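2 protein chains.
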Amino acid sequence: MQKTVCDVLIIGGGPAGSVCAMTAKMNFPDKEVLVVREQELQMVPCAIPYIFSQTLGSVENNLVSCAPAQKFGISTMIGKVESVDTDKKIAYMDEYEIFFDKLVFATGSKPFVHPTLRESLNLKGVFTVPKNVPYIREMKEYTDTKNRVVVVGTGFIGIEMAMEFAENGKEVTLVGRSRHILKGSFDSEVAAMAEEIIKSANINYIGGEGVDKILENNGVVCGIKLQSGAIIDTDIVVLATGFKANTDLAEKANMKFGHYGGIWVDEYMRTENRDIFAVGDCAMRRHFITKQQSKVMLASTSSAEGRVAGSSLYGVKYLKHFSGTIAIFSTVIGDMAFASAGITCEEAKEGHADVVVGAFEGMNRHPAAIPDAQKQYVKLVAMRNGGQIIGGQIVGGQEAGEMINLIGAMIESGMTIYQAMTMQVATQPKLTAAPTMYPLTIAATMIAQEISKGCTLQ
Amino acid sequence: MQKTVCDVLIIGGGPAGSVCAMTAKMNFPDKEVLVVREQELQMVPCAIPYIFSQTLGSVENNLVSCAPAQKFGISTMIGKVESVDTDKKIAYMDEYEIFFDKLVFATGSKPFVHPTLRESLNLKGVFTVPKNVPYIREMKEYTDTKNRVVVVGTGFIGIEMAMEFAENGKEVTLVGRSRHILKGSFDSEVAAMAEEIIKSANINYIGGEGVDKILENNGVVCGIKLQSGAIIDTDIVVLATGFKANTDLAEKANMKFGHYGGIWVDEYMRTENRDIFAVGDCAMRRHFITKQQSKVMLASTSSAEGRVAGSSLYGVKYLKHFSGTIAIFSTVIGDMAFASAGITCEEAKEGHADVVVGAFEGMNRHPAAIPDAQKQYVKLVAMRNGGQIIGGQIVGGQEAGEMINLIGAMIESGMTIYQAMTMQVATQPKLTAAPTMYPLTIAATMIAQEISKGCTLQ
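Protein sequences, first through last, are from chains A and B.
Just so you know, we're using this note's numbering here: the first sequence kicks off at 1 and counts up by one.
Just so you know, we're using this note's numbering here: the second sequence kicks off at 1001 and counts up by one.
So that you can see chain A by itself, here it is in the shape it has in the complex (with noise of 0.2 Å):
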């Protein structure tokens, strides 16, 4: 057995771990930081569906570049660490020993697939999409050769796959179990507006229909059964349904976990052992208004943590501001971005909070003779009694993805719709819409009267 010894050691080298990493050396550079990770090579796992298509194309288009931990003085060791003595601060790995004073879990998470499926991903033709370089690598070689595919799945990544794999030729039906894609993120009308694109680009889509079976000839997939006992024919099936934490590692080490299995931790992603972190997928997260725990996967989520717990490891240095996921999210279906934060509007009437909602749509663009101008449509969600928002969504130009940034900005620092009111933002003939039609200062707008009218006599 060979020792190694480090100040600061973390299990996984995602967006999570990585983060955690830059932050820890920045803040405390004269501590060792060691990154273990198991794959030498790493890919960008929000752009896995755009290897799929001629817009990255390839698996070394997406590969992850080393160069920024090398030059934050990070050290890395490929290879899976077995166990952990987090009494004696010593992970075990192959050869080697490796003791540390701090730990963090980054180990990420992994696809779900439910239990009635599972033994269908050993047939041929049948995927996940894990963050994994050779399997991705394999399913593209595969997935290159055939025609038809069904995507199972319509959170953002099977709407992804769907779509990159149609813009690709291919012939795709997409299966989700909800009525609407994108449960959770966006508004049923909102919802509708994806499905639309989606339908025009040639994919069958069928939503509110669940997979019964997955048909095999001879141990290559051949078709789905829908629950409502419908066939579809197919060469190549993706589940896309879902991720869970990945906390092999965590349960050998006898950690607290939290209800949807990730590692429990506190807001400054510290679990019962102080010496002890977790942070990203496989990590417990909590939802920002009803403090409850939330399954939210998200890359930028994960990055949030990593930097909490990276100025954290050897006492809070800075106070944690804001507590809670905001579930920040943006992705692009056909030539729209969609992108929300926070709570929808139907969340909050399954329960949560007293809203009231304000949306508008103009043109991303002014005038709208300028040649991209696309249409935009904001809603914003506020609270009824005192005017914070609390929730977001966007469709609109590429412009949607720093645009849902300013509304994550917003309900972070607790900012009210009659502060948005009068907010002053930049607006350009290229970049954005009119000064006088900028469509979240009208959806606050549009809440203050709401609220007005139920405050005052007349």
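Any given hint might turn out to be false.
[Stated by the list, open to error] Simulated coverage check for chain B against chain A, where a stretch passes if three residues somewhere in it have a Cβ under 8 Å from a Cβ of chain A: (1) 1041–1052; (2) 1321–1327; (3) 1404–1412.
Keep in mind the hints are simulated off the structure, nothing from the lab.
Keep in mind it's a predicted model, so treat the numbers as computed, not measured.
Just so it is clear, CB atoms sit at the ideal spot from N, CA and C, and this is done for glycine as well.
With chain A fixed as given, assemble chain B onto it according to the hints.
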């Protein structure tokens, strides 16, 4: 004399006036709101430069629709108000006497030309850039027949005019008195990036030089003489040397004025007379840090003022949460967007504030193989004590247009770099930087590092 009666009279129909009218109607639906404006047809002010290239190509493509005003139930009259009797509450226009209860000056601004050059305005081929449809139409027709242009002034209108003329194949010289373009919005190193793009568009850029004289030949411009003595031959001179408040009417009405000529107003856009308001470029503005008067003129700022006034006409309905203009601004130069909010580092060092700066350059997509990936540079300026974000500059793709609004919201909500460090942002390969390399959080972290150096004994 015909008599007309309204509750709220708004003089001027630009962004400030029209937003004020809409907001007034939304807040006080029972009040009769009348907008009087001089021009039958109106343009989007910020899009005027795009008339001179293929982007819009004509004045017609830049006209503003009157539909929103009609939809909101706002009345409109075309004509010039000659005088106002603020005691009797009557405005005089041609054959009309307009009786009002509340009056809003929204008379905008007009081009400023240095006294030594003013008489050259009579020459054929010498233009300013007023928000005037017949003038711009004539200017478009004239410039279309000529090849050589000198644009004087390196504010955003000057730069946009120069770039659009160049795109349209003209031989363009751009002359500015400041050493760098866009002074006040960008620090020198950011301005230098823009200057590189301007030069690579074959524009002859001459910085740090004033114009001594405009040269003529039989009443037609033929060149300019710089203060250095150099002479540049040209067919057209465009003087984009700033704007000044248009306050002729307010002067006749004996209103009180601020330092730079704007009508004196409090933070609710009220003049000393509680029934009279002023909004937009004709009104006085304050700097958000020094609270001293500011010369900033932007349609977006004007719109925000219109919203404040529109809801405050009959008493303070909504508490104003933020005081002063943050000068938030964006533009496109070549294929890059440049955006700025708050104060620059150079401004701060000139005496406003003790600040720390963080800057990060990455890519606006991830991985970098995404086809439209571009460089993205973000710089933040924060208070050393307290860490409040008070300025930001962005160079990037089109997303910079909304990303600067995120920085604006951070400034307005008093967000600190400590909050920004762990802010939750949405990231998506086709829309944003990587979650691990999101430039705002990295710039904020750099500032926190710098501040904490001064706070510890290490």
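Give me the numbers of the hints this structure contradicts, sorted from smallest to largest. Hints that this structure does not satisfy do not exist here, as all of them hold.
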